[in-house]
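Got chain A sorted already, so can you dock chain B onto it with the hints?
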Amino acid sequence: MKGLADKSRVQTPPEGDGQYLTFTSGGEMYAIAILGIKEIIEYGGLTVVPMMPDFVRGVINLRGAVVPVIDLAARFGQPNASLSRRSCVVIVEGHSEAEGRQDIGLLVDAVSAVLDIAASDVEPAPNFGARINAEFISGMARMDGKFVIVLNVDRVLSVDDMAVIGTACAPAHPEPA
Amino acid sequence: MDINLDSALQTYIVEARDLLHQMEEALLVLENDPNDSDTVDSLFRGAHTIKGSAGLFGLTPIVSFTHGVEDLLDRVRDATLNIDSALIALLLACTDHICELVDVVAERSASLDAQAVQRENALRERLMTYQVSTPTSPDTWVRQSVIDDSAVRAANLDWHISLRFGEQVYRNGMDPFSFLRYLNTLGEILHIVTTTTAMPALPEMDPESCYLGFDIRFRSAQTFETINEAFDFVRDDCAVHILSPRASLSEFAALLGQLPESRDHAERLLVESGSLLPGELDSVQSQLPTQPSPSTDLELPADPVQLRGDSAPQATAREQKSRESRYVRVHADKLEELINLVGELVIAGAGAKLLASYNPESELRDATAAVAELVEKTLDCALRMRMVPIGDTFSRFQRVVRDVSKELGKDIELEISGGETELDKTVVERIGDPLMHLIRNALDHGIEAPAVRQANGKQARGRLRLNAFHDAGNIVVEIIDDGRGLDRERILEKGRERNLVPAGATPSDSDIYNLIFEPGFSTAEAVTNLSGRGVGMDVVKRNITALRGSIDLDSRSGEGTTVRIRLPLTLAIIDGFLVGVGEAFYVIPLERVQECMELTSAANDAARRCGYIDLRGEVLPLLFMHDYFSIEEAGAGSRRQNVVVVHHLSKKIGLVVDELMGEYQTVIKPLGKLFGALHGFGGSSILGNGAIALILDIPALLTRLSEDSRACVSKSTTTSESLSVSQGQRS
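Chains A and B, in that order, are what the protein sequence lines are.
For the first sequence, position 153 matches number 156 in our numbering, and the numbering has no gaps at all.
For the second sequence, position 572 matches number 1667 in our numbering, and the numbering has no gaps at all.
Isolated chain A (complex conformation) (with noise of 0.2 Å):
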């Protein structure tokens, strides 16, 4: 685990000149590289899965298809995140070992903007210090003198790590006594 995070520092950063699309979450600005980002839709018609852990909304029907929504704030180990009229969910494709490509479907605040960000602007990630785990960070993008956080989505949306938590999340199944 230790060894993929430092591969994923000294890679960054990964995609070099390219569109970004920015939003925020929990207040904080992020960005995500355009390419794993199949649409964005308007948040409704949820239908919660129980017995999951926080970050799992729950599943939504995209076009026949179910697809689970992920809170991008709970996942970071903050609050969920609260609804309001801007709130989106942008669907990116998410890996799994086991099954291939699968979308999953990331609970924003709010979009911002597409914007092209040049290879030298992004910074490598702080090995620590920022506000969420490290391993989920792929680089640094200055922006008007600001700092972005530019995510690692292959690593947020980890369906083997995210599986895993949910196994620890639900009550455990305890060896009769």
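In case anyone wonders, no lab produced these hints; they're calculated from the structure.
Beta carbons are placed, not taken as given, at the ideal position from N, Cα and C, and that holds for glycine.
There could be a bad hint or two in this list.
As the list claims (entries may be wrong) - Derived DSS-like pairs: lysine-lysine, alpha-carbon spacing no greater than 30 Å straight-line:
(1) A/41 - B/1520
(2) B/1429 - B/1520
(3) B/1768 - B/1520
(4) B/1429 - B/1472
(5) B/1768 - A/41
(6) B/1448 - B/1472
Said to hold, decoys possible - To be clear about the criterion: a stretch of chain A counts as covered by chain B if any three or more of its residues have a C-beta under 8 Å from a C-beta of chain B, and this derived list gives those stretches:
(7) 36-47
(8) 123-130
(9) 153-166
Stated by the list, open to error - Beyond 10 Å from chain B on every Cβ pair, some chain A residues (computed):
(10) 31
(11) 105
(12) 135
Showing chain B alone in chain A's frame:
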């Protein structure tokens, strides 16, 4: 072309495997009834087809090995070789080996491994021993015919075949020359004379009619039946006269009488073709006044009338052919895709119907109703395409039962019934392993050794029965043995020891027997006199549960055990009962629902306090879905609530929900790996209005509840604070 050949090869592999499977079955039938000539025939045909088709693809190893098997079977068919258990064992080993050879082709690997080659050589040698022991038979055969008739000619292998094709032959799509070519594969055409006397004068001749006839001298070591079979396809349109090499002159005389040509001409034909020597012709002529001389050789009917008459078996053969051609082999993926699409169609159709119901126009409503009905029919049709009879899976166990019982020194008979019961192919594929386990268990531990059985006043031969039937939208598979049964007391004792049965409780028999499905319950030392009975039974149960099925067990000491597996017909569609809790919808599998009832507000308050209600004198524990799933109250307590009584095995529980929406057939959509750890939900389904309903997995939910409560009990004895934690962290 390459691609075509490749797909043809795939077809060959599939067919060869089917044939081998059929041959195996036939051998097992022969073991019980060695005189069944139909089965011998089908066995021979199987080997013949495998060899023949392998030849088309140039699969030399299969051809050469199968050839030996075919030879052997041919002699079995001629009754020159008797069937005994050693021969059956050898032939079974041979089918296994051919299967291996086919596998080699299927895997495109270069050749067999050394072990298999060794095995092949050993088998070949054993086949040879049969070959050596019987060369005397053809001799006696000829000698017999010498005695039969003093007027016979020298023993030779030259047959005489007279063919007179009818006018319809070309119109029926037959080519006379193809038969001649085929004859050449059976032997050698020594001489052929073409007869054109049937040809009318040119103005009357119809170019689409056939006027040809042939007289053939044919050298072949084949039997009369084989040569006769060559003309099966044309028999209706062609007069076929076959005279065996040992035919007496009187038979030739009879033939002369039957040929349509004038006698002189016919005589000349026979001489020209070399079948009759000019000198012999005279003696034939001398016999003519007393003709027809009845053939004494019953084995080889030389009476042409009889030849034409045996059209009955040939008709069935043709019927079989046409039945086969009505099948289309479709790739499973394509079928899968179709079913998925139809599933989507069902959902979309339900949406359209819902919209139409808001519309005041009754015509639109009628139209959508008609569409919905068609969609439903399409769905039924699509699902039926995946249905296969379970009989094939069952009959595979014939071999298992035979081998295992031989190995154990027991005499066990497998009886199969309900093999025509159909269920989804995916279910059939996945039921094999659990069934195998249960059958092995029954053979090994259920049915006693013959001596023990006789001592107990039972028949020495044990009986194992596989039965399948439909029951209320499910298929039930039963495995019934007449062995010693389960030891109720030992299981109960063990259950008490492991705290699975509360002290002092007296569980029902079925509860006790079902304890053996508990993980790690029975080990050899746990239930000694049943050693191993139930090892891995929890795995069997898990496999069955994964198929949304259930397993149940019934046993009578000394009389036997019945294992009953209940399975859904298909995995793609679920018949559910739709309920609403707050804003959310849940689908309960219909087969789990026992009944529904209203929970009045007065009863609700009481029920909330104690957690159970009185169901006709029975204590029914309740699960308040709002609380358990932490769903916010939508209409807050004021709405009346309902109880859905669900059951699994002998456990029952009442689910407290807000709304009952009724029966609902729906396509199951898996939730994906992210929800893999989630116990209690079997998938999801999209409703007509686009909302998603989760499908409750009642057995998993019940297991989880009982584990939760057990955790509560065990923890509350240490500290009462931990209680709230163990009930679920989300609450």
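- Task: Tell me, in ascending order, the numbers of any earlier hints that this structure violates.
- Result: 1, 7, 8, 11
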